[in-house]
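Q: Sequence:
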Amino acid sequence: MTRDKRSIINERDRLQSLLWLMLLKYQPNCYFCNKPFTLDDLPNKGVDLLTEHHVDGNHYNDKLSNRVIAHRVCHKRYHVKDNINKKLQSQCVDCKQNKELCPICTDGDMKLIT
Numbered sequence: 149m150t151r152d153k154r155s156i157i158n159e160r161d162r163l164q165s166l167l168w169l170m171l172l173k174y175q176p177n178c179y180f181c182n183k184p185f186t187l188d189d190l191p192n193k194g195v196d197l198l199t200e201h202h203v204d205g206n207h208y209n210d211k212l213s214n215r216v217i218a219h220r221v222c223h224k225r226y227h228v229k230d231n232i233n234k235k236l237q238s239q240c241v242d243c244k245q246n247k248e249l250c251p252i253c254t255d256g257d258m259k260l261i262t
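Going by our numbering, the first residue of the sequence shown is number 149, and it counts up by one from there.
Any given hint might turn out to be false.
Unchecked claim - DSSO-like mimics (lysine-lysine), calculated; alpha carbons at most 27 angstroms apart, straight line:
id : residue 1 : residue 2
1  : Lys224    : Lys234
2  : Lys183    : Lys173
3  : Lys183    : Lys211
As the list claims (entries may be wrong) - Computed beta-carbon distance windows for the label pairs:
id : residue 1 : residue 2 : range
4  : Asn231    : Lys153    : 37 to 45 angstroms
5  : Glu200    : Asp161    : 21 to 29 angstroms
6  : Ile157    : Asn206    : 33 to 41 angstroms
The hints are simulated quantities; they were obtained by calculation from the structure and are not laboratory data. Each residue gets a CB set at the ideal place from its N, CA and C atoms; glycine is no exception.
Sequences are here, hints too, so could you generate the full structure?
A: This is the structure:
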């Protein structure tokens with residue numbers, strides 16, 4: 149193994165150890181499922197099982213209080229459910245169309261699915 153390759157591997161291992169210590173100290177559990185992170189969750193050979201979630205939904209708000217760590221699958225599951233809920237909340241109960249296009253609710257008094 150070449151010297152450059154060894155130094156890259158050593159740096160990767162050092163950063164992985166640092167990430168693990170930071171997780172244990174500041175946020176040892178997934179924001180969504182509350183299960184503890186494991187060493188297997190750490191990035192390895194291009195597989196990234198952890199991701200960042202912006203609590204307020206604003207991806208430009210990078211304050212630490214707005215950023216949490218989650219399992220990638222938990223994060224994906226949350227956003228899929230969130231998108232479905234947003235779509236359902238904008239539909240008319242009678243015709244299931246978008247509330248702006250509803251032919252039944254012409255007086256503007258919409259019955260929304262909750």
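Q: Look at each hint and say if it fits the structure.
A: Now for the hints, and whether the structure bears them out:
Proposed proximity of Lys224 and Lys234 is supported: the alpha carbons are some 15 angstroms apart, at most 27 angstroms. The hinted pair formed by Lys183 and Lys173 meets the criterion: a straight-line CA distance of about 15 angstroms does not exceed 27 angstroms. The suggested pairing of Lys183 with Lys211 holds, with an alpha-carbon distance near 24 angstroms, which does not exceed 27 angstroms. Evaluation of the 37 to 45 angstroms hint for Asn231 and Lys153 yields a pass: the beta carbon distance comes to about 43 angstroms.
The supplied range of 21 to 29 angstroms is met by Glu200 and Asp161, whose beta-carbon atoms lie about 22 angstroms from each other. For the pair Ile157 and Asn206, the beta carbons lie near 37 angstroms from each other, so the given range of 33 to 41 angstroms is met.
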